[in-house]
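Chains A and B, in that order, are what the protein sequence lines are.
For the first sequence, the UniProt record's numbering begins at 1 and goes up steadily by one.
For the second sequence, the UniProt record's numbering begins at 1 and goes up steadily by one.
Derived from the structure by calculation, the hints contain no laboratory data.
Since this is a predicted model, take the numbers as computed values, not measurements.
Mixed in with the good hints, there may be bad ones.
If the Cβ cut is set under 8 angstroms, some of the chain B residues that face chain A in the computed set are [claimed, not checked]: (1) A6; (2) T7; (3) G9; (4) T98; (5) D156; (6) V178; (7) D180; (8) G342; (9) L401; (10) I434.
C-beta atoms are modelled at their ideal positions from N, C-alpha and C, and glycine is treated no differently.
Number of protein chains: 2
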Amino acid sequence: MQELIATVGEGKVVTNPATIDNYRRDRANDPDAGTPIAVVRATSSEDVQAAIRFAASHAIPVVARGAGSGLSGGSSAVDGGIILSLENMRDIIIDPLTRTAVVQPGALNAEVKAAAAEHGLWYPPDPSSFEFCSIGGNVATNAGGLCCVKYGVTADYVLGMKVVLADGRQVQLGGTQVKDVAGLNLTQLFIGSEGTLGVITEATLRLVPAQRPPTTLVATFSSLDDATDAILAVTSTMRPSMLEFMDNYTINAVEDLTRMGLEREAAAMLIVQSDEPAELAAQEIEQIQALCHRYDATDVFHTSDAEEAEAIIVARRMAIPAVEQNGTLLLEDVGVPLPQLGELVRGIDEISQLRDVPIAVIAHAGDGNTHPLLVVDPTDAEQQQRAQRAYGDVMDLAVQLGGTITGEHGVGRLKQPWLVNSIGEDALELNHRIKRALDPQNILNPGAVFAPTDFVANE
Amino acid sequence: MQELIATVGEGKVVTNPATIDNYRRDRANDPDAGTPIAVVRATSSEDVQAAIRFAASHAIPVVARGAGSGLSGGSSAVDGGIILSLENMRDIIIDPLTRTAVVQPGALNAEVKAAAAEHGLWYPPDPSSFEFCSIGGNVATNAGGLCCVKYGVTADYVLGMKVVLADGRQVQLGGTQVKDVAGLNLTQLFIGSEGTLGVITEATLRLVPAQRPPTTLVATFSSLDDATDAILAVTSTMRPSMLEFMDNYTINAVEDLTRMGLEREAAAMLIVQSDEPAELAAQEIEQIQALCHRYDATDVFHTSDAEEAEAIIVARRMAIPAVEQNGTLLLEDVGVPLPQLGELVRGIDEISQLRDVPIAVIAHAGDGNTHPLLVVDPTDAEQQQRAQRAYGDVMDLAVQLGGTITGEHGVGRLKQPWLVNSIGEDALELNHRIKRALDPQNILNPGAVFAPTDFVANE
Numbered sequence: 001m002q003e004l005i006a007t008v009g010e011g012k013v014v015t016n017p018a019t020i021d022n023y024r025r026d027r028a029n030d031p032d033a034g035t036p037i038a039v040v041r042a043t044s045s046e047d048v049q050a051a052i053r054f055a056a057s058h059a060i061p062v063v064a065r066g067a068g069s070g071l072s073g074g075s076s077a078v079d080g081g082i083i084l085s086l087e088n089m090r091d092i093i094i095d096p097l098t099r100t101a102v103v104q105p106g107a108l109n110a111e112v113k114a115a116a117a118e119h120g121l122w123y124p125p126d127p128s129s130f131e132f133c134s135i136g137g138n139v140a141t142n143a144g145g146l147c148c149v150k151y152g153v154t155a156d157y158v159l160g161m162k163v164v165l166a167d168g169r170q171v172q173l174g175g176t177q178v179k180d181v182a183g184l185n186l187t188q189l190f191i192g193s194e195g196t197l198g199v200i201t202e203a204t205l206r207l208v209p210a211q212r213p214p215t216t217l218v219a220t221f222s223s224l225d226d227a228t229d230a231i232l233a234v235t236s237t238m239r240p241s242m243l244e245f246m247d248n249y250t251i252n253a254v255e256d257l258t259r260m261g262l263e264r265e266a267a268a269m270l271i272v273q274s275d276e277p278a279e280l281a282a283q284e285i286e287q288i289q290a291l292c293h294r295y296d297a298t299d300v301f302h303t304s305d306a307e308e309a310e311a312i313i314v315a316r317r318m319a320i321p322a323v324e325q326n327g328t329l330l331l332e333d334v335g336v337p338l339p340q341l342g343e344l345v346r347g348i349d350e351i352s353q354l355r356d357v358p359i360a361v362i363a364h365a366g367d368g369n370t371h372p373l374l375v376v377d378p379t380d381a382e383q384q385q386r387a388q389r390a391y392g393d394v395m396d397l398a399v400q401l402g403g404t405i406t407g408e409h410g411v412g413r414l415k416q417p418w419l420v421n422s423i424g425e426d427a428l429e430l431n432h433r434i435k436r437a438l439d440p441q442n443i444l445n446p447g448a449v450f451a452p453t454d455f456v457a458n459e
Numbered sequence: 001m002q003e004l005i006a007t008v009g010e011g012k013v014v015t016n017p018a019t020i021d022n023y024r025r026d027r028a029n030d031p032d033a034g035t036p037i038a039v040v041r042a043t044s045s046e047d048v049q050a051a052i053r054f055a056a057s058h059a060i061p062v063v064a065r066g067a068g069s070g071l072s073g074g075s076s077a078v079d080g081g082i083i084l085s086l087e088n089m090r091d092i093i094i095d096p097l098t099r100t101a102v103v104q105p106g107a108l109n110a111e112v113k114a115a116a117a118e119h120g121l122w123y124p125p126d127p128s129s130f131e132f133c134s135i136g137g138n139v140a141t142n143a144g145g146l147c148c149v150k151y152g153v154t155a156d157y158v159l160g161m162k163v164v165l166a167d168g169r170q171v172q173l174g175g176t177q178v179k180d181v182a183g184l185n186l187t188q189l190f191i192g193s194e195g196t197l198g199v200i201t202e203a204t205l206r207l208v209p210a211q212r213p214p215t216t217l218v219a220t221f222s223s224l225d226d227a228t229d230a231i232l233a234v235t236s237t238m239r240p241s242m243l244e245f246m247d248n249y250t251i252n253a254v255e256d257l258t259r260m261g262l263e264r265e266a267a268a269m270l271i272v273q274s275d276e277p278a279e280l281a282a283q284e285i286e287q288i289q290a291l292c293h294r295y296d297a298t299d300v301f302h303t304s305d306a307e308e309a310e311a312i313i314v315a316r317r318m319a320i321p322a323v324e325q326n327g328t329l330l331l332e333d334v335g336v337p338l339p340q341l342g343e344l345v346r347g348i349d350e351i352s353q354l355r356d357v358p359i360a361v362i363a364h365a366g367d368g369n370t371h372p373l374l375v376v377d378p379t380d381a382e383q384q385q386r387a388q389r390a391y392g393d394v395m396d397l398a399v400q401l402g403g404t405i406t407g408e409h410g411v412g413r414l415k416q417p418w419l420v421n422s423i424g425e426d427a428l429e430l431n432h433r434i435k436r437a438l439d440p441q442n443i444l445n446p447g448a449v450f451a452p453t454d455f456v457a458n459e
């Protein structure tokens, strides 16, 4: 420990148990999170390198952590390991000439958006947590969000990065150009690798011109099938810049909290935006409205007023905290091809009844990515067990429907047991080969994405 | 050989030397291409698996090949190896509901575009060779094109793939969804891997709504600096859907061939398109015109007439064959950050004078990707040697300017010696580790991207 303190500096190494405790879990509240021996609060890539070199020489696990907003336990602490916090590395440099941002991992997504906006530019990826999640975590999980249906995910905006490898070396991958095919695409390999291959110390992000003010449409439906049919009709014929879904449980939870006048009887509510130029947006919204009516929407409303629209979006963003009022949440993040969305939503309802666990469903419906929220009474141990089974059932269902166990939150520790079913044994074995090639000691975020035991036999 | 014929079927194995000779080289005309023992013309992924299993069991090199339109020698034959031709695997299935295409590797880019267009959809990536290059090669090189400045590269449109590994197993990677973060992003790792990690037998491609008819602007400049300044002014303030550059040498070569009335005295010509909705396109083109005038354009002209525009684009597409009339070409594919484009173009001119080799420059200027074309007299051995030096000089210059040795053609065999300078030793070593992990025998396209000797010591 003295060795570590000597290298990175006393002020940056936390060994006080009370402070350490704040760094043991992300927002997934992993009950199995371990206790690290120290937290290193890096202020430079040299600190990151020093911490990883120390960890490598002692074969100690290193779990990198940004803002701690992860939802899959990807940054749960590991017993005897180091938490490497990047929260204090948050420089942002915007280059308007090349429309790029060079960003340290601790910078918040919202800070990058704001810095870009000062130059009339836009960093599109918008996880619901954008106000308090950091870019390092966004890149490490390939975070999604609401605008992805039209604008893609984090990976689509990362041109290059600096990453510290398992032996402490820092390498530069990619650059500032859209086109660069010199060697394997390692930039993309590290995106979404959840800290298992290296620690990202800088990302070069692509920016685009500011988004046009959108027009927002809200539609309610008295049947789930109508709602999912309308979603498919919209996504297969138009290009909304947002297409969000809330089910009856969620609508009521949000209404309980906000009293904003949502239709409590509705089976589902869709929030759709078009950010095309005014005339085209009007056409697009009109067509979407017609499709909603064709699928028997009970109420359709649209607005170009920014404040009115923002109130609606805030309702959507409040969905998780609103549902959380009713119990402890187990968050899912399953995705399916859009023609299977109806079957997924109906199947989740069946699982909820079978396991006797309320499941609220919110979804980035336009890209098939859903967030079923299992609502568990923290004092009911038996229900917790049923919820664990339901949690697996939902993932199994998504895989059966040709989908994925995680669209944007990452596998982390909570979904790791289901990874093999999601991608198959051969693809998992390929993952293992790459993990072994890049982190032969398995010190980088062990237990996340891959089972700790996956690497024992081969060492 | 009998074993191979027995497995994949006699009709699919070519051993006739005259026919084999047609498969030894791609469009790079690699003088060092070897002579394979056979060409396997696969008609299914089972054929691909059988060929690779055969190769693996005998430790024989396998070079996959699509339409043979590669420009870096990525599919040059290897002595004693097998050429695995995918030209007969060309199924295309469009799913308009999910706006995806499931495509076999031999399907031509133009065929995918046409199949998508039947459903009002668009597959954007548009290498200049789109009429005769195949999707497998596009994915294997992460091919670019003209529209990338606004619409991104091949990688941005690949959601999933089937790939046959070095041991003959076929794995499915990714799926049909934009959001999927289950495990490492192996789909993206295989994109641009130039056949060194596996052979792609199917790709799932994302399609988007049909492009609006563009407005096209042509501007000529009497100085290179003015032209590159105008490019930077346009790309840093607008979002053209195309921004192409031709230098004086190229303009004259095209004019020699077409007699279409290009301005022979111009130092450079820009071709710019906007595909925004009519009113916005008119505004955008007007602004671009104003910027061109600000940088002293000698002539600016624009049209919304499709035929007139097509004639201009054809001129751009004919640039390489036109320059080729003047000698044998050595094609470069260097890219730089846009603020360095002027320095690159001036530096290339200096290299041309220093080495006494004509170098024509065409560029996808909007994304900083240039194609300097070294024009060599095939009967002048001394000039050929000077051209080889100039070829390296241009890549060295791009790297010095913070750019890449290859933006979209791939490293192949021709640029392999320069890869280490482009990405650095540490990144190259990471590449090697992944290559070894996935192809421990180094049978997949040995000598492409990486030096054959890179893997000898470790076996």
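Here is what the structure says about each hint:
| no. | hint | in the structure |
| --- | --- | --- |
| 1 | A6 | violated (26 angstroms) |
| 2 | T7 | violated (21 angstroms) |
| 3 | G9 | violated (26 angstroms) |
| 4 | T98 | holds (5 angstroms) |
| 5 | D156 | holds (6 angstroms) |
| 6 | V178 | holds (5 angstroms) |
| 7 | D180 | holds (4 angstroms) |
| 8 | G342 | violated (12 angstroms) |
| 9 | L401 | violated (11 angstroms) |
| 10 | I434 | holds (6 angstroms) |
Checked against the numbered hints above, the structure violates hints 1, 2, 3, 8 and 9; every other hint is satisfied.
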